[in-house]
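A.B. asks: Here's the letter readout for the chains.
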Amino acid sequence: MSDWSKALGAFAPAGADSPTISGNRGLQIEEPLLFEQDMAGRSGVDLPPPPDVTDRLGALRRERPIGLPGLSEPQVVRHFTRLSQKNYAIDSGLYPLGSCTMKHNPRLNEKLARLPGFAELHPLQPPATVQGALELIDTLAHWLKVLTGMPALALSPAAGAHGELCGLMCIRAALDTRGESRKRVLVPESAHGTNPATAALAGFTVDPIPANERGRVDLAALKAKLGPDVAAIMITNPNTCGLFENEIIAIAEAIHGVGAYFYCDGANFNAIVGRVRPADLGIDCMHINLHKTFSTPHGGGGPGAGPVVLAASLAPFAPLPWIVHGREGFRLIEAAEGEARQALGRLKAFHGQMGMFVRALAYMMSHGADGLRQASADAVLNANYLLVRLDDVLTPSFPGPCMHEVLFDDRSLKDTGVTTLDLAKALIDEGYHPMTMYFPLVVHGAMLIEPTETESKETLDRFIAVMRGLVAKARRKESTAFHAAPQLTPRRRLDETAAARKPVLRWRPTVPPPSKAAE
Amino acid sequence: MRYLPLTDADRSAMLAAIGAPSMDALFADVPPAAQVKGLFDLPRAMGEIEVERALAQLAAKNLPTGAAASFLGCGAYRHHIPAAVDHLIQRGEFLTSYTPYQPEISQGTLQMLFEFQTQVALITGMDVANASMYDGATACAEAVMMANRLTHRKKTILAGDLHPHYRDTTLTYARFAGFDIVARAPQPDTPENIAALVSEEVACVVVQNPGAFGHVHDLAPLAEACHKRGALLVVAVTEVISLGLIKSPGEMGADIVVAEGQSLGNALSFGGPYVGLFATRDKFVRQMPGRLAGETVDAEGRRGWVLTLSTREQHIRREKATSNICTNSGLCALAFTIHLALLGEAGFTRLAAINHARAIGVAEQVAAIPGIRLLTPTFFNEFTLRLPRPVAPVVDALAKRGVLAGVPASRLWPDAGLDDLLIVAVTELNTDEDAAALAEGLREVLR
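Chains A and B supply the protein sequences, listed in that same order.
The numbers in the working numbering rise by one with no breaks, and the one at position 184 of the first sequence is 165.
The numbers in the working numbering rise by one with no breaks, and the one at position 211 of the second sequence is 227.
Incorrect hints may appear among the rest.
[Unchecked claim] Short, incomplete list of chain B residues facing chain A, as computed with Cβ under 10 Å:
| # | residue |
| --- | --- |
| 1 | Ala70 |
| 2 | Asn78 |
| 3 | Thr154 |
[What the hints assert, rightly or not] Heads up, simulated DSS-like pairs for lysine-lysine below, C-alpha to C-alpha not over 27 Å straight-line:
| # | chain 1 | residue 1 | chain 2 | residue 2 |
| --- | --- | --- | --- | --- |
| 4 | A | Lys126 | B | Lys336 |
| 5 | A | Lys164 | B | Lys336 |
| 6 | B | Lys336 | A | Lys483 |
| 7 | B | Lys170 | A | Lys164 |
| 8 | A | Lys126 | B | Lys77 |
| 9 | A | Lys164 | B | Lys299 |
| 10 | A | Lys483 | B | Lys299 |
| 11 | A | Lys92 | B | Lys77 |
Derived from the structure by calculation, the hints contain no laboratory data.
On a predicted model such as this, the values are computed, not experimentally measured, just so you know.
Every residue gets a Cβ at the ideal spot worked out from N, C-alpha and C, and that includes glycine.
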């Protein structure tokens, strides 16, 4: 086990600092990389020997070893169990990451997505054998269309940013059809980074619009930017300051007045679902993050799903495939012809994130029209409760009420020597995932807190008490403790500068295998 | 509602604390004309029993591949997923965590991503891989954009046997970016000489291996031709299990490798969610799209992991980012990593050998049927048959008998004159009985 002891050395530099010999700290168990546990000849899968055949690979059979490690099943199970125990998760506690809507992920949804009638469907089966799957997608589309008031849905985008791309490409296609080559897209300074990145990817130039002193789009500044070269505006509503754009109808009228389109980033739809229909606000297209509003699990970074609802003016350009209902049941349109002749091509392989569709529909059906309306109200109530319970110790960036998330800046920490980052790291030691830090960019030292509707009042009260205690501690000039935080985690603060300066992005054997050495 | 912890008493107390007379008062910023007062015309809340019943009824209207003799492939493959995979990815600490933005409490996800990146680099024969893309097709489009950035050239050649969904996704991404894409027509019968088309204007050539019809290509001569003219070779792999038996794209000179990773650990799930793999050479890493996990040390000098080189990404670089991707396929990448960890070198190469051998067996059996011709002299686990009549009705007829015989080429290349081609995939899950059912079905339907 020399590899293990080597790895142990890397984990826990021996010395007086380490409280244990192993480097482990009770339930926090150090775990080497898979590659450091390799033992040739081990496998976690039993497969029969392959039948003896003459291969049909031309002369292209692999000759060199790949270098994958061999582990047995118990080792693999233990490895990933230990890794999992180094993660914070919604299942473990409050996860108030603003703009990310980290709400409870019901396990019923996991169970249903795994029904063989969904999980074992191949995307290219004859449509007659997948009528239930197509009906499920059509039902999901119906719910989303009713909730948004929009007439059409593009189902294939795989995540929010992919949905943005879909929406902006539909706008480009519509403008092309009108014979117009408008190039400018207006994006508020408070927008998610994906908005300007997407606009650029779709071939537009980005023109930022400032916020007013109330944290909303500055309507006068917006109007001053309008012209015949403006293609679209991208607005998040409620916006990333947690505020409803109360002049949104005037914004939509102004945008439409110059012949441009209104894209809405639907990341914050959770605040208004069941209460406000985006169509009534003048929105022409909007992506919906099923992994936020409709609770499909975020999985440590995906998969998501970002279907896009479209106004009638953009619907003909929805990317392929389309699901339509005809005399012989549901069918898929997979080529740009007939009624789909103006469709954008494909945005990904196959038909969209089916596994996420099942979960999202189960979530919606569980809530029903009544539960969804209650959920958005509770999300907004929870955020406002945090706002009033914290506004004397933290500085709200803008007056309330807020929507589903509340934005504070770092003015309250002035002269304490404690930054937003320090406060976040101290929260980690207290057992909480921090809020979103330093976003949006329009206020200094932003702390964006989104509790979601699935947190109880008791949980919020405890969090409020902890936050108040931490601010009091900061005001007592105990900044040194903050700078050292977190201290009780599997790792202390990590050196991100070193990681970027000399990137180590994969494991490599310390001694190259013989075949490589022979090169 | 079972997911909402607030009671009416809580709500009243909280409204009082806020000083709001009602819930509606919290929505005062919403223009009154846009406020919906009543309930939407949608069903009311349901318990677990009702929801499960309703969705199980929809599921029952489908024919799962596991209940049929299935030979469907073309970018999505039915493989055995070891039981431990699904158990481990459902641990709440993986399932219900966010992107690892707070590394001190995300070391599990970060170490897993570092392991995923290493596995992807190893099997593709490349230096470095990212933390995943949405799927193989979007990874392909991103690779073309990256090649354009790297070479400052605008022209891309797509091989005729690149999966049409990869081709179409690339065309969609390129449509408004001003790239010139030359998508070659499919030529299932004859080898394509792309090397002759590579000029000094070409940013990259995209080829698939094995090709969409099944052919196994030696890419080394094409790589040489590309490099001689300053172009990059992008290799797409739709069936990653093939990398256990076929020489890796890296070994044959690829500059960027993109792949669909679904075959490892991920259910077919009617086409998604899947996991895109993206690997390249060290020297190109700063132009890569997507997230990267990297090694570093913590304040006590202990090894740990962080997301790194994020100045390429949208949340820092905004409109100048290498891609707009944010959420990727984290949990699918985890499933991939666990499955490949269980297989290991011995299991992965053996699994590939079994797939190949079983495919040869089925190919020989069906090619012996009068009127059927095997079109692909080389293949891994997927081959193309020419039938004496249009394939689509044959496939529909066989589906009625519980045999999912393969994908008609006309579904992927409509109007390309390929109506008589059937693409058949065989994996370790296909039994001898499946093979017999396919052969017998074809024999009878073609009689």
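A.B. asks: Next, verify each hint and record whether it holds.
C.D. replies: Structure-based check of all given hints:
With its C-beta approaching chain A no nearer than about 7 Å, B/Ala70 sits inside the 10 Å limit, and its interface hint holds. Taking 10 Å as the C-beta contact cut-off toward chain A, the hint placing B/Asn78 at the interface holds, the least distance being around 4 Å. A distance limit of 10 Å between C-beta atoms decides the matter here; for B/Thr154 the minimum to chain A is near 5 Å, and the interface restraint holds. Between the alpha carbons of A/Lys126 and B/Lys336 the distance comes to roughly 34 Å, so the proposed pair goes past 27 Å and is violated.
Restraint check: the Cα-Cα separation between A/Lys164 and B/Lys336 comes to about 16 Å, which is no more than 27 Å; the hinted pair holds. With a C-alpha separation of about 23 Å, the suggested pairing of B/Lys336 with A/Lys483 holds against the 27 Å cut-off. Between B/Lys170 and A/Lys164 the CA atoms are separated by roughly 20 Å; this keeps the pair inside 27 Å, and the hint holds. A hinted pair counts as satisfied when its Cα atoms are at most 27 Å apart, and A/Lys126 with B/Lys77 qualifies at roughly 24 Å.
For the suggested pair A/Lys164 and B/Lys299, the alpha carbons sit about 34 Å apart, so the restraint of at most 27 Å is broken. Of the supplied pair hints, the one linking A/Lys483 and B/Lys299 holds, its CA atoms being roughly 13 Å apart against a limit of 27 Å. Our distance criterion of 27 Å between C-alpha atoms is met by A/Lys92 and B/Lys77, whose separation comes to about 18 Å.
Comparing the model with each numbered hint stated earlier shows that hints 4 and 9 do not hold.
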